[in-house]
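Visitor: Residue strings, one per chain:
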Amino acid sequence: MTQFLSYAIPGLPYGCVFALMAVGLVLTYQTSGVFNLAYGAQAYASALIFYVCVNAGWPSWAGFLAAVVVVAPLLGLAMDRFLYRFIRSAPVLVKLVSALGMLIAIPSALQLIFGNQARLAPPSLWLAPGSVYFHVAGDAINGTELSTVIVTLAVVLLASLMSHFTQVGLRMRAMAESPRLVQLAGINSERVGVAIWVLSSFLAGLAGVLLAPLFAELQALNFTDLLVAAIAAAALGSLTSLPLAFWGGIGLGVVQELLGGYLPSGSVLSSGLRPALPFAVLIVLLLALPGLRQRWFHDDPLAGCDPPPPPMAATIGGHGLEELLRGGGWLVLAAFFVSCLTWVPSNWTFTLTQGIAYSIIFLSIVLLTGMSGQISLCQAAFAGIGAFTCAQLATHLGLSVFAGIVAGGAVAAAVGAVVAMPALRLGGLALALATLAFGLLADNVGFQFSWSGNGESGVNVPRPQLGSLNFTSGKAFFVLAFVLLIVCSAVVLAIRQGTTGRELAAMRGSELAAASIGTNLAKLKVTVFAMAAALAGVGGALFGSLQGTVSPNDFNSLLSLVFMVVVVTTGVYTVQGAIQAGMAYVILYQVLDYLPSQWRNLFPILFGLGAITYALHPEGVVEWQKRRVVEIVVSRRKHAETVG
Amino acid sequence: MALLEATGITKRYGGIVALDNVSVSIEEGEAVGLVGPNGAGKTTLFDCLNGVRRFDAGEICFAGRRIDGLPVFERARLGMGRTFQRLELFAGMSPREHLMVAERVHRADGRLWKDLIWRGRANTRVPRVEELLVELGLDAVADDPIESLSQGHGRLVELGRALVQDPLLLLLDEPSSGLDTLETVGFSEVLVKVRVRRRTAMLLVEHDLDFVRRVVERTYVLDFGRMIASGRVDEVMAEPGVRRAYLGEVTS
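Line order of the protein sequences matches chains A and B. Per this note's numbering, residue 1 is the first one in the first sequence, and the count goes up by one each step. Per this note's numbering, residue 1001 is the first one in the second sequence, and the count goes up by one each step.
Chain B on its own, in the form it takes in the complex:
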């Protein structure tokens, strides 16, 4: 059984069908892309998988469990990590604190009575967090206020925040948006390293096809809410249907 098995996801906004009978399947440790023109429904699909949005029809199984009724936080606890297209960071906290709070929540060490008894223990350094900060190259800025960091560092903090929880599946929503070419290449290299070291399964929404090619094994193509193709990146991009979706009708 695949790690993530979403079948027949349909989402309507009034008369608009944002997702039409979309199915996605991801094996354990597999990296899969999700590409498509603007407005194809990629982020909507992410939101449905992650629990931020309810959908109208279909079902999702994750790690052998039906999860479509579960709220966002329970899906996260089952091992579904996520980053956001527009950064969602915790204002006023440093990168280290971002990772520490995620690590604590993951270990379910957040009981209120524990705070009252073990005062100040939450401030002690956690080896896992320190290692991850180094691995992502965030150690130099670990104590800076998050507002002072660049978009690229912000992306890495979001990635670290998700990774510190040892997710089974990582949903990455357009990590290259807002990054310059160099940062984009750097981020894709970090992702490849993460894949090699941790074998974390990924679903990557991305416009930058070079980025997708570097990171994933196969990709889905979404257009107007319908899944129009799936397979290896170069093969899929050569399909006439995909070319039409991206480039418009080809007339010779």
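The shape of chain A in the complex, shown without the other chains:
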């Protein structure tokens, strides 16, 4: 019993932080219908500002006021007023992508402002972190742990008193039950909504400040993990119940530490499984709780289906213009190919070859999200599976890299099919969360073994060789990558134009109707997931062979989110969109490389904000601009005709 307690008690502070976040998440999800994935970024923002204030010599109460009482609610409120408010009834993908954009943009924006140096030993909110206050069951309780538990209990007590004994508390509880009924009862639900966003953002800020000192360094990635733990806790309450979410958070923190205590120390199990517990719990909950699954029927006739993209620019101006644009596209492609082989400097050829590898990975998002309406937030994990398969086969079995690339695609496809099978019953938000958790699981556990990603040190991948043909030179490898991209694009185009593409579009439009005309949805979903995973795997393997060495860091779970955001910004419906995304991704990165290191943060900010345009222009920025130009040309022509 003493041993149990001594393992369980250190979990309480983590549990408290999870619980605060889970409660805040459920609050806003219930009342505004937006699942605020940027919540982790909000927590990070407050933690960072608190750190900066305290290091500037402010007393910690002043830092707390600035970071948690002022900045956190303002940030949350700004997001609600300027973004989430407008997309409440938008399709799931739009909401998710907008929130993802914020999740990616906010930490980078902060690092751009405050610098991105390492921030060691984050300060504790209240009690001195070093000093031990008392012992419970042999555990030394230090100031950080004690203050976390006390502050959480105080805040929860205050919040529940407020919600039960004040007018605004009553209205908030009613909002959490049913926002529509509150409006019908003649209450200004917008104003109550503002109060809820303020409270929820305050909780995020508080959780962030409390969590920071539990780690040695203040890093944005820790807060993404925190977010997933909070989502898992919220899922314990079916994303609806506040008390269940709270106790779920506490329980998760405690069980996590218990696992760490009882599992053999030093093994991959204890180092990997302990932090991965929330993700595993999340996956199991999503699959087990019927309330979280997508339903056949929606209350909202438009729920679950995206608005159709506007007509392609090429089709507006008649047949001639369509041909012209298509011809122009081929011309650009040819010019690109010839340029890379002739005058482009070799470091840029390398960069553009990287762009091709990313383009192939991004094709998987076009196939899965653009064409089939399925949301996957783990495409980087599939790319990693492809890369590590190829690397391991090439270095340890001496297999040709060509065979390795194919094998990488095949293994990724197999894993994709296995992931898809339980995901069949999920849809929309639940599918996105499950794939996010899978990506984190792959990143934190799967890629850490010596036979897979080999942890920090990574694996070497040789360049391919085919008989006397040698692809070690940059230009030769570029040609190989280019051909591979053409092949992969042709496959996606063929699927799109064929019957399968039509069936995928039908499934995207209405799963119920697609089933009623005899479409085997289960088979179709598994097929498309496997195909997409294969594409990502091939792209990843190519990327690995280009780099020469790959580590899990090249395919970390955060990258999956960045990929999604990048592709929907440039265009998720077309093959060109994927290629443009791949190129934009590497070119922008390379350009920012010429600037001081802090400016590299512009990259996620640009794409994060770009993701917001998806709500208005689902066809992507490039296509949108192209259409604008074509529309101007067409209207000029018409004008000239009528005048003449």
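Simulated from the structure, these hints should not be mistaken for laboratory data. All the pointers check out, no bait thrown in.
So the derived label-pair ranges between C-beta atoms look like this:
1) Ser1148/B - Ala640/A: 26 to 32 Å
2) Arg1128/B - Gly327/A: 31 to 37 Å
3) Arg1125/B - Thr549/A: 52 to 58 Å
4) Gly186/A - Ser1150/B: 33 to 39 Å
5) Arg1125/B - Val332/A: 28 to 34 Å
6) Ser1148/B - Ser450/A: 55 to 61 Å
7) Ala476/A - Ser1150/B: 54 to 60 Å
8) Leu289/A - Ile1016/B: 21 to 27 Å
Stretch by stretch, here's where chain A covers chain B in the computed footprint (C-beta under 8 Å, at least three residues):
9) 1061 to 1073
10) 1153 to 1165
Some but not every residue of chain A turned toward chain B, in silico, with C-beta under 7 Å:
11) Thr499
12) Arg502
13) Gly509
14) Ser510
15) Leu512
16) Ala513
17) Asn520
Every residue, glycine too, gets a C-beta built ideally from N, C-alpha and C.
Since chain A is already given, all that's left is putting chain B on it; use the hints.
Guide: Relative to chain A, chain B alone:
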């Protein structure tokens, strides 16, 4: 043996019995109505027949096979077509594409490897689809985006999507809801034409009794999950039990 033979279908939601021992039988080529007040369980029965919902007791035979364990898509492949009370259309596709995808699925021509070899073949015009578009009067709007069509056209697209698969039985869920009087008459005329030309068996859920009278030979009446009558429309509507269900207790 009848085309569709559903016996003793019972469906409970917690303590509510939505369907209580309901039996339905439809012969080949026969058009049958299913009427009843709101909340009688008509759509629930449809969902059970079609496979969208599981039921608690009873069995369904269709075209000589037990089908109660089969998923929706397999029932569809056996020849059970369906339209929906609230339109279920494929966003972003034109009426022609709606019919083409249904026709392809019906011919089981959707193998992935075929797409990879025969590139672009899915775009060629199919005579059956073109004929059906004309027959339903959809040829003028065949290439318009589905979002721009009226409710009436949407109903016709759903009908066409089901018909292009040559169904043995067509389940029609309140086709007149959301249509104006003229559209309703037009739709019933289309259904009568379809019956004359194809002899497709139909089960028609409908509130509009004139509509039912025009299309079907006999009808079932469902009330509070129980089948209370069956027979020719006018005879059935004259029965006291049915009058009570529709109009309330008659006191003289």
